[in-house]
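As a plain string of letters, each chain reads:
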Amino acid sequence: MKLYDVAELAARNLRESVLRNSLTTVGISVGVASLVAMLSLGIGLQQLADRRLEKSGLFDTVIVTSRRDLRNFSREQEQNGPAPAESPSLDEYVRQAIMQMPNVFEAYPDIRFITELRFEDRPHLTMVAGLPSSTRNHDAFDGMAGSFFSSESAPEAILQKSFAEQLLGRKGSTEDDGKVADLAKPLLGKELTMRYAERVAASGESSAHPDPAGMAYSVVSREQTLKIVGVCDLDPDSLRQQARARVFLPLQLAESLHVMQPSDLRDPTSMLGGKQTFTTLQVRVNSPKYVQGVEDAIKKMGFNTFSIVDATKNLRQFFAVLDLFLGIFGSLALTVASIGIVNTLVMAILERRREIGIMKAIGASDTDVKGLFFAEAGVMGIFGGAAGVALGWTIGRVINLATNIYLRRQHFPPEQIWFVPWWLVISAIAFAIVVSLLSGLYPASRAARLDPVQALRYE
Amino acid sequence: MTERLEQSTNGSVAIRTEHLCRHYQMGETLIRAVDGVSVEIQCGEFVALLGQSGSGKSSLLNLIAGLDRPSSGSVVVQGCDLAKLSRQELAKHRLRTVGMVFQSFNLIPSMTLLENVELPLRFAEVDRLKREALCRVALDRVGLSMRLQHRSTELSGGEQQRAALARALINEPQILLADEPTGNLDSHTGTEIMNFIREFNDSPGMTVVMVTHEPALAERYAKRMIFLTDGKVVGDRANGAPTPELAGGGPS
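Residue numbers (this note's numbering), protein chains in the order written: chain X, 1 to 459; chain D, 1 to 252.
Please keep in mind that the hints were generated in silico from the structure rather than gathered at the bench.
Quick reminder that beta carbons are idealized off the backbone N, C-alpha and C, glycines included.
Be a bit skeptical, because a hint or two may be false.
[To be verified] For each label pair, taking beta carbons as the anchor points, the in silico distance ranges come out as:
#, chain 1, residue 1, chain 2, residue 2, range
1, D, A238, X, L19, 54 to 60 Å
2, X, N314, D, Q88, 56 to 62 Å
3, D, R237, X, V346, 47 to 53 Å
4, D, R237, X, T367, 41 to 47 Å
5, D, S53, X, R446, 28 to 34 Å
[Said to hold, decoys possible] So, partial list: chain X residues that the calculated Cβ filter (under 7 Å) puts toward chain D:
#, residue
6, K2
7, D5
8, E16
9, I358
10, A364
11, D368
The shape of chain X in the complex, shown without the other chains:
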């Protein structure tokens, strides 16, 4: 029998017992739906974790310091490499060289200093840090009230929530869930006055003492007015512990202020020619997998480096196992549904025993009869699979919606915790068809083996 005849007769037979076949198909669709819902949740959670890790900037950053600072990140670093006095200095030239390395996204100096900020004539002492515009997508700014810096050199400031509380005199508040928006409202657009110590190169003529190396400098007290543009909830400096900043400036602005850095105290004693050096360089790479290569290359240049081991690999392994378990749980319902298919088709054989006998008497081969039952199982699989994917997709949407309502009530930003990729849609339907065909295997061969004489006697 030709394929379209098999399909046509199978569709006809399915229509004859429409209620039973529909219920079986619903069974398959529930099975597929649970599989799709479970796996899409697993995939969604994995993507969420990946997004979070990527935004955290923890795993794609290499921190570079000069050995001259005597700040080694490990004993191994202390023992290997050139002696501190002979080590290169971390300056603009090195920064440019690192920027040229393959897979390096950006390299920027870590500028931070403790200074006094005045708000409404009251002084506040805190740590201030420069932030490059690439940190705009950092997860610390997800729940930020206000906006990011308008430009790299704008005289603007973003406050960390705790400092905003301090400015408003709410420090000591035990409420952890104080809303950032409430804190920001009285602060946004207001001005802060920052006092700082600027390093100014000294001119040789004005100096009472000659400076043969040309490395003398003066320290001048300055003031900079900053406009508060944002208050952020999380801490973009979370890794720094004691050196955490509470106020952030655009990086170019921070660089242009030439604020006196701790390493500046050492400069006059060295023979570096008075170039500006950086305490730390933050090097960001395109993907966590490039961290090791870039780190090795920088070490070869004679610098100390520090990075957090790529945790995303372990995380993916964890999610693969999670997906497997979710898939197994999802498949359980499909297994039950497959038993439903076997039951339906075996019942159909009993009901259509005489019909099978007639078909065989007028020339149907075993293959024709087997093909018919197979096609019926396959059609139920196709419809069940398609309906199941639609149902699973809907369940996922509802879970996502409900989760986001909950997150909003808890003052968290909305998240996409559920995702149905195309491959899942296609594989789920294919899986449903395969399971249905496997379920049809036994009934189909049983129908094909029916003795036509016995079947014709059946009433």
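Go by the hints and put chain D onto chain X.
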């Protein structure tokens, strides 16, 4: 169809059975449904198989149809030894070589007449565009051209049997096997069906083997009568010839 049948009506053998047996085991009892039957039926013959219920006539017909396999002996139809055919080849034999009609018509109730008659054409993989035309001609020939879209349950017994005849003949078989074709019909309708069968036997010269337990019906239509009792042939004579008892020989 006519050409094919004319070739086979030139006196060659359509069906030959030799020591054909079909035994069933029912618990501890051995049922000898067909027990050493040896007959030869020529192409174009109209043979009636007669006997009481349980005499083995339907079992013999099933063996000739390829619906059942012999326990021993051979059944050769149109030169093919059915005992040696695979299941697939037997299905092809039922599709191409023989056409069957049954006492209970055996139309599929969920299908229309057109669909019922079309079914063997589907198994024969006939192009779907040709199928409808062939079915219309076949149903027209048995006078059912106005009932194409009716289901079998909406038809009288005679109409159902006529449709069954159209279905049996749609693939142009060389042999028509009829198992009590008038058993469920009144005498008037039975006559109508038998006239159709005789017409197929006369005009294209199709071989007909009919099972019946009505000697009168056999005498009226068949050209030869084979009598069976307990699975054995107890008489075999041409219609009009004296019965074995009258001839004095008596079946053994």
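Evaluation of the provided hints:
1. D:A238 with X:L19: 54 to 60 Å: Roughly 58 Å apart at Cβ, these two residues keep to the hinted range, so it holds.
2. X:N314 with D:Q88: 56 to 62 Å: 57 Å, holds
3. D:R237 with X:V346: 47 to 53 Å: At 50 Å between Cβs, range holds.
4. D:R237 with X:T367: 41 to 47 Å: 43 Å, holds
5. D:S53 with X:R446: 28 to 34 Å: 31 Å, holds
6. K2: 5 Å, holds
7. D5: 5 Å, holds
8. E16: Result: holds, 5 Å to nearest chain D Cβ.
9. I358: Interface hint status for I358 (chain X): holds (5 Å vs cutoff 7 Å).
10. A364: For A364 (chain X), the interface hint holds, since the closest Cβ of chain D sits about 5 Å away, which is under 7 Å.
11. D368: 6 Å, holds
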